[in-house]
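Please model the entire structure based on the sequences and the hints provided.
Heads up: the protein sequence lines correspond to chains A and B, in order. In this text, residue positions in the first sequence follow the numbering used here: the first is 514, and each later residue adds one. In this text, residue positions in the second sequence follow the numbering used here: the first is 61, and each later residue adds one.
Each hint should be verified, as a subset may be incorrect.
[Unchecked claim] Under the rule of at most 20 Å between Cα atoms (straight-line distance), these lysine to aspartate or glutamate pairs were calculated in the EDC-like manner: (1) B:Lys185 to A:Asp538; (2) A:Lys550 to B:Asp109; (3) B:Lys185 to A:Glu562; (4) A:Lys550 to B:Glu205; (5) B:Lys219 to A:Asp538; (6) A:Lys568 to B:Glu209; (7) B:Lys219 to A:Asp534; (8) A:Lys550 to B:Asp108; (9) A:Lys526 to A:Asp538; (10) A:Lys568 to B:Glu79.
What the hints contain is simulated information worked out from the structure, not anything from laboratory work.
One-letter residues, chain by chain:
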Amino acid sequence: MSKPGSPPKRARKAPSDKAFDLWLDQGLHAMFDEVAKEPIPEELLRLIEQDRNNK
Amino acid sequence: MPLPQDDQATAHMVASEPEVSFHDLLVAALPALRQQALALTRNRADADDLVQTSVSSALAAQTSFQPGTNFGAWMARILRNRFLSNMRRRREIVDIEDAPASLLARSGGQEEGLAIQQLRHLIGKLPADHRLVLIMISVQGMSYEEASEQLDVPVGTLKCRVSRARAMLRRWLLGDDEAPKPRVAAPKPRARASVPSHALSALPAAPVMAKLGRDKAGAQLERR
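Take a look at the structure:
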């Protein structure tokens with residue numbers, strides 16, 4: 514119990530929760546970072562450049 | 061540290077360099093859009109198609125974009141609307157949420173660990189809106205306020221979705237999410253790892269978790 518007037522204590526995550534969160538974040542980065550680092554498909558860039566040149 | 065955000069970069073470009081063209085903003089936003097499309101579709105080919113159709117829509121509607129406003133948010137809304145429209149069309153043929161995730165997900169090949177394969181499979185089982193915000197927050201490093209602006213969804217709702225997504229993944233992987241923790245402290249085992257060994261052994265990523273437990277949770281948190 515917190516003392517009267519003192520701010521309520523925030524529930525602290527169990528160490529196993531923190532370990533899981535760390536592992537999950539690493540896994541998500543492993544899955545999704547790759548696609549953001551890949552070169553943009555030429556077809557897509559061409560589509561944008563064609564529109565730019567038509568303006 | 062999360063990766064720098066392309067949409068943050070583009071938002072900065074809007075604020076400080078008004079001469080940046082619509083097309084430059086669009087090109088700069090593509091990496092983040094591709095991540096979001098993959099989060100929604102779970103499939104590389106579908107993600108590429110979704111980005112392509114969204115870019116076409118954006119080019120067709122470029123006069124409706126107001127310079128100086130958040131380009132990332134504008135594009136994210138187009139992407140999401142295209143996705144929902146595609147989903148409605150596909151449901152007439154097959155409900156993709158019912159399709160096995162293993163068929164929809166892209167395999168990373170032999171080099172991809174068993175744990176990541178399992179995670180990829182389970183990520184596919186999350187609702188699409190949960191998956192998207194989880195990626196925006198955990199991978200793209202957005203704040204909840206930024207994600208809220210992009211998705212036009214209240215911050216509280218997004219926090220709830222991320223929390224629920226993490227809890228679901230944890231429950232599917234470890235099976236102990238809802239288990240009440242004993243109030244009476246059991247005698248401490250000799251091992252110093254903070255992660256319970258039964259939880260680690262139940263996880264396909266046992267070696268990874270065990271290492272995390274030793275290296276990070278164990279080493280840092282035990283000191284408290």
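In ascending order, which of the hints set out earlier in this document are inconsistent with the structure? 3, 4 and 6
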